[in-house]
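Chains as they are written, first to last, in the working numbering: chain A, 1 to 347; chain B, 1001 to 1277.
Hints listed in this document are in silico derivations from the structure and should not be mistaken for laboratory results. The beta carbon of each residue, even a glycine, is placed where N, CA and C say it ideally should be. Treat the hints with care, as some may be off.
What the hints assert, rightly or not - To be clear about the criterion: a stretch of chain B counts as covered by chain A if any three or more of its residues have a C-beta under 8 Å from a C-beta of chain A, and this derived list gives those stretches: (1) 1098 to 1104; (2) 1115 to 1127; (3) 1147 to 1156; (4) 1184 to 1198; (5) 1202 to 1208; (6) 1258 to 1271.
Claimed, not checked - Cross-link-like lysine-lysine pairs, in silico, DSS-like; alpha carbons within 30 Å at most: (7) A:Lys25 <-> B:Lys1101; (8) A:Lys212 <-> B:Lys1215; (9) B:Lys1101 <-> A:Lys44; (10) A:Lys41 <-> B:Lys1237; (11) A:Lys53 <-> B:Lys1101.
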Amino acid sequence: MQRITYLLLIVVTIGLFSCEKIVMKPNPGTSNLEIFNEYSKLVKEKFAMLEFKGVDIDKLQDSIGQTITDGLTEDQLFEKLAIITNKLKDGHSSIAKEDTLFYYAFYEGYPPGIDREILVNNYIGEEIAPDITWLKDEEDEDMTKAIYGHMPQSADIGYLRVGSWMSTFTNDEVEKIFSTFKNDKGLIIDIRDNGGGDPMLSTKFASYLIDKEITIGSERFKTGPAKNDFIESTLYLSPADSENRFTKEIMVLTDIWCFSATTTFMYSLETLDYVTFVGQKTGGGAGSVADGFLANGWTWDLSVSEFIDINGNHWDNGREPDIPVVLDTTITDKDEVLERALLELNN
Amino acid sequence: MDRKIFLIFLFFSFQIIALAKPDGKTETEKNQKGVLRNWFVEAGGVYSSFQDIKFSDVQYTGPGAVLKLGLNREKENVYFWEAAFSFRYSSENASTHDNGKTTVIYPNIYFKYLRVLNDHFLIGGRVDLFDLNMRVITALQNNGTYYMASNFLYGSVIYKRPINSNWNFSASLDLALIGLSKESTSFAMNYNQTRIEKGEVDYQEEAMGEPYPYKFWEFSHIGNRLNLITEFYFHYKTRLSAGYKWEMGHWATIPSYPTTIGAHSIVFRYNFAQKLK
């Protein structure tokens, strides 16, 4: 009898209290309309640039929502969600299912900004440029983290190319890179085709290009579901604790694929009068990104902050170059963008 | 400031517990009783669950394992204390889809001290010295890692009674009263909400996304956060025990967007080293 009492005590206690499901919300539905509404709500609550991009999400949800029926196939539903994604006009925001990724094609209509073959064969290839170092990724030999040194065209102008901010650099590696340029009169930083990565890394590189702290602007983060739930962080850039900082003339080579963390790198340098952007308009992508799953397993990415520089400029739609130069890929022995940067630094 | 309040509360709580003399017996009478010390190892299976409304209403659940190593000491009719390190691992799946897997890693170090009230009840407290619930989600990038780090002070009660000459039963409840915690995510970002609300995002701070050191930890209390642990054990003689344990946490950094974690464990405990004074 006593044992039964104990067992009953346990069962009742567990039954009454021992389930966190009591306080959890029920699982969401996965019908076409429920998935559509879930995505619309996420965009409405989290996307930080509805106003800047001129998106009326309520109107969009109402108009597209009327076309959502249970009869839609998976692909058709995906296309409906992609209409919203496209309207955001933000390369960071995307919707993805098993084999399909959709995001706004911010790069459409722009000519190529870089031709690697021209660059390697004429400026930085191992055979023609012995003073150029190719810093390989230790874990992946096919990956080059940075290319730096001096091109045969100019012994006193440094060249640094970072193709992605996704790599990991040790402090020693960054120090070694910038120590290479110590006695140079100018520096070319080639970030063409760099689609981003870790903003902390791009900020670290930028910190080698100043000698005192600067205010670079502010980032407004979405902090709640309401339209005006934003809080601003003022962003500062402090100089690297290094003797190898470079604060002489700098040319930064850009194209439409300069995006995300590369935009972070660029806006960090915006106020410096010794930095000039050469090439083509950049892609933007100035906001920070969050990602998650919809109830049916599709993944979403959304920009959940927006950056505004100290002059009040919004960077998400990209930045026009100070010196516009278009690459002519039919001329295979010349990189016009790089040549223009050399010309500027030699003047 | 919040951390100071927490530490002061912690100090006085243990002072009060230590000074309590609930059974009215003299110190001499108590000192005549035996002191039993146990080193124990505990292992078992766990079924954990998770829901973060900030990002999705979908519940995540899955099985795993738990291992605990600890030491306790009991002075009959006077006090009981226990210190232990536990490590829980589980693999969770979403309830509504099969995209992405979540690996949950949950180390914890705690100390608990209780005074005997009478033959059946002990009352006291528990403090989590280290508590880090980490989740790694495949198929996500920026939000692919989630953590909740905390240090809570719990009010604890243990009920125990013998079943027969070989078996004893005990049940316990630990309810978090106050504490400090830090959640990796804010309403929309993989940066902590407090950091964002204070306007202190800084891409030059290498530890910006890390739980430690104690920067941007938030004070919480039983009124705005529910954290509880219940345990039911059947003890066979002095060496072996089998038990069921339920842990739950429920809080809302953003009102109406709560996060809930839970875990149900079936465990077996073996006291591998005992000493009776």
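How the hints compare with the structure:
1. 1098 to 1104: holds (count 3)
2. 1115 to 1127: violated (count 0)
3. 1147 to 1156: violated (count 0)
4. 1184 to 1198: holds (count 9)
5. 1202 to 1208: The restraint on the region 1202 to 1208 of chain B holds, since 5 of its residues have a Cβ under 8 Å from chain A and three suffice.
6. 1258 to 1271: holds (count 5)
7. A:Lys25 <-> B:Lys1101: Given that 30 Å is the threshold and the Cα spacing comes to 21 Å, the pair holds.
8. A:Lys212 <-> B:Lys1215: Given that 30 Å is the threshold and the Cα spacing comes to 26 Å, the pair holds.
9. B:Lys1101 <-> A:Lys44: holds, 27 Å
10. A:Lys41 <-> B:Lys1237: Judged against 30 Å, a Cα distance of about 58 Å means the pair is violated.
11. A:Lys53 <-> B:Lys1101: violated, 34 Å
In this structure, the earlier hints numbered 2, 3, 10 and 11 are contradicted, and the remaining ones agree with it.
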